[in-house]
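Colleague: Here's the letter readout for the chains.
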Amino acid sequence: MAQKVAIVGTGQTDHKSHRPDVTGQEMIREAVDRALEDCGITIRDIDAIVIGNMDHFESINYVDNWSIEGSGGFMKPIMKVTTGGTTGASVAIAAYYHVASGMFDRVLAIGWEKNSESDTTGAIITCSDPIWDRFSYSGAIPSLATEATAYMKQYGATQEDAARVAVRDRNNALNNPHAHLQRPITLEDVMSSPMLAHPIKLLDVCPRTDGACAVVFAADGEAQRLAKQPAWVHATAVRHTYSWFGDSTDYDAGLVSLARASQEAYKKAGISNPAEELDVAELYLPYTYAGIKWIEDLNFCGRGEGAKFVRDGNTNMDGMIPVNPSGGVISTNCIGATALLRVAEASIQVMGKGGKRQLPKVNKALATGFGGCFWSDVMILGAERS
Amino acid sequence: MDNIAIVGVAQTKYAKRKKDKTCADLVFDVTRAAMEDAGLTLGDVDNVVTVSNDFIDGRTISSMAVGDAAGAHDKNISTVEGDGTFGALYGAMRTLGGFGTTLVVTHAKGSEGDVRFITNGMFDPIYQRLLGLESISSSALQARMYMDRYGLTEEDFARVSVKNHANGKNNPFAHLQLDVTVDDVMNSEKLADPLKKLDCSPVSDGAAAIIIANESHVKKAKTKPVWVRGMAHCSDAYLLGDRDLAVPQSLAAASKKAYTMAGISDPLKSIDLVELYDAFSYMEPMWLEGMGFCEAGKGARLLDQGVTAMSGGLPVNPSGGVLSSHAMLVAGLARIIESVLQLRGEAGQRQVENAKTALAHGINGACGQAHCVWILGNQK
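Each protein sequence line maps, in turn, to chains B and L. Adding 14 to a residue's 1-based position in the first sequence gives its number in the working numbering. Adding 290 to a residue's 1-based position in the second sequence gives its number in the working numbering.
Everything labelled a hint here was simulated from the structure, so no lab data went into it. These numbers were taken from a predicted model, which means no experiment stands behind them. Check before you lean on any hint, since a few could be wrong.
Said to hold, decoys possible - Calculated pairs, BS3-like style, for lysine-lysine (alpha carbon to alpha carbon, straight line, at most 25 Å):
(1) B/Lys242 <-> B/Lys322
(2) B/Lys282 <-> L/Lys547
(3) B/Lys18 <-> L/Lys487
(4) L/Lys365 <-> B/Lys281
(5) L/Lys365 <-> B/Lys18
(6) B/Lys281 <-> B/Lys18
Said to hold, decoys possible - Taking CB as the label site, the calculated pair distances span:
(7) L/Leu558 <-> B/Ala16: 34 to 40 Å
(8) B/Pro144 <-> L/Arg406: 48 to 54 Å
(9) L/Ser506 <-> B/Pro144: 40 to 46 Å
(10) B/Gly116 <-> L/Lys559: 39 to 45 Å
(11) L/Tyr417 <-> B/Gly116: 39 to 45 Å
(12) B/Glu398 <-> L/Gly553: 36 to 42 Å
(13) B/His32 <-> L/Lys512: 33 to 39 Å
Quick reminder that beta carbons are idealized off the backbone N, C-alpha and C, glycines included.
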């Protein structure tokens, strides 16, 4: 029988486009120290560590071994879990299973990325098949641009509909002291920003950020001791369903991986009407069009209704289901940490530690991870022990 | 904690170059073979852990290339980067944490990369990489320190190579099928003093898969279950200079924890065979010391006394070990698979008589920075 697990502490670095003041290990250490402090423990109390990043970005192989001075893993069990953009969520889910298995009571999950030291696009292009895909349809922006175009054609959504997501998230980021981009933007700013790949403009996409995130997972019994209000893990679900970009382009079907993963998670967490029952969603939205389309796959609204749902203010801080109080990925994107930041921010809301970005009463929170070949990870957290 | 067991295993024959297969082909082959071994179908596999490494595969998000081949479409899947024993450990945690069955699959094609370049990437990019440190040169430093500490000779290590290569001839999956003598090892090309070519494992292509089942799901499989009685992992310091390279303290810690889980107080008495990660000949005696089979510096004497021979009290690497086949990432999972075959009594010519308890071992990082230890038994 799995033992119950909760998040009891989180730590994140000060995110910037370039952190020349710290090495990778030191940057990891910054997040780890803050996470330990958040739940009032020291590294001696940590039983095991799970860490992840994208190897080719900083060109460091076996990051679990390399990072020991930063992670605090000397003479501890450490494991590396890496799944591309979903890495942060995969690390969180692995930390969950470390505890749920009964093998460990206090586990540290770490995601990090020092994008300033890499050619992100150059590295990410190598994710596609070297013979068939790499020279035609690869990298992050081309595949997302194709998805956006198909969605606009199908449902009549406009570039302005998508731009509203950037305006919402970037303005939410002003309340988050850890957010990388902290400049208010308008619809006009997004619309007049340089076109990268039609219809995606510069302000429609996430930045590249240096940063790290650490989250402490604890077992039932221990969790109540370490946190006044632990964020209990109610459900996790994963779908990394395609290997080829060409297989994931049945755009009529939506983002299949997210639809399937969220259905499973809702079922596990006993949620039938997510938009009403969830109090907040921290979504891995790497570009604005995801913010109007993928919320349909999450069943926040009906097919083709995403743009209107956002336009009507349902996802604002005072709306039915606030999305990304932290400012989301559009404001901060340290890739290996990005999905773990979603989990951390969702748990911060449940624990009531969100400061200026805190929502009044959060009982249930959703976090997602996105990456790879249109893959999705989902975690649902709750205030009740479940 | 529930009981869990390994109910299906499969490995490819290891070879220098599998030109006719892509990584996905290899993964597909062992996935299907492991299910056939267990008598299970894809519908019985609840979730998947793949093991890959972006540097080795030359692809970022290397797991992208093998998910479909591992049968993970519309299933829960994750990926561990590191040795297969660590991937299996995560698979075991998932099985204990709620899944009925977990498939763990790992692959590597050493032939498609530059192993020196890939293992150089383990080292600190500012201070160490430019020195050219990689797996062989760093291991040579470790071997030398071990020799100096305990007065060991190159011949002590050569005898390990002779034993394991001879064992490899009984293993149809082994990459190298060599007859070698101590003289052959001593006269083979020196790669990094004191390591010679026959002290070093080959670079192999291959893949392997196991299926782990929770006790509630064990009966679904047709095989004799091999029970996981203990498992643990631990990492030492990163910088070689921060470690006592002659004393594998992270292995000692992992072993102790695994023994405690398995209720073992005297490993030499309780364990019938060991499959350990001998990427280099000197590693076998050193790891045996770390595992507590003898005192520090006495590992080579176990070999001299015949303890680690097929006919001895503690046969070590009946399969020929990593010295005979070294597909990176796969090699540790192969140690688990070999142990499973031994405990089922299905190891053919390399079978250790009456094997009831086995130790399987994997390493991560330079000079065995991290270790993973499994205690497997044919009884719960």
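Colleague: Between B/Pro144 and L/Arg406, does the C-beta distance stay in 48 to 54 Å?
Modeller: Violated: the Cβ-Cβ distance is about 21 Å, outside 48 to 54 Å.
Colleague: Looking only at beta-carbon atoms, does the pair L/Ser506, B/Pro144 fall within the given range of 40 to 46 Å?
Modeller: At 43 Å between Cβs, range holds.
Colleague: Is the straight-line distance between the alpha-carbon of L/Lys365 and that of B/Lys281 25 Å or less?
Modeller: holds (15 Å)
Colleague: With 33 to 39 Å as the target window, see if B/His32 and L/Lys512 comply at their CB atoms.
Modeller: violated (58 Å)
Colleague: Within 25 Å, alpha carbon to alpha carbon, are B/Lys281 and B/Lys18?
Modeller: holds (17 Å)
Colleague: Please test the hint of 39 to 45 Å on the beta carbon pair from L/Tyr417 and B/Gly116.
Modeller: Distance hint for L/Tyr417, B/Gly116 holds at roughly 41 Å.
Colleague: Do the alpha carbons of B/Lys18 and L/Lys487 lie within 25 Å of each other, as the hint requires?
Modeller: Distance ~51 Å between B/Lys18 and L/Lys487 Cα, so the pair is violated.
Colleague: Decide if the proposed pair is consistent with the structure: B/Lys242 and B/Lys322, CA atoms, cutoff 25 Å inclusive.
Modeller: violated (38 Å)
Colleague: 39 to 45 Å was suggested as the range; check whether the CB atoms of B/Gly116 and L/Lys559 agree with it.
Modeller: violated (28 Å)
Colleague: Does B/Lys18 lie within 25 Å of L/Lys365 when you go C-alpha to C-alpha?
Modeller: holds (23 Å)
Colleague: Are the Cα positions of B/Lys282 and L/Lys547 separated by 25 Å at most?
Modeller: Status violated; Cα separation ~34 Å.
Colleague: Given the hint of 34 to 40 Å, is the C-beta distance from L/Leu558 to B/Ala16 inside that range or not?
Modeller: Since the Cβ atoms of L/Leu558 and B/Ala16 sit about 36 Å apart, the hinted range of 34 to 40 Å holds.
Checked against the numbered hints above, the structure violates hints 1, 2, 3, 8, 10 and 13; every other hint is satisfied.
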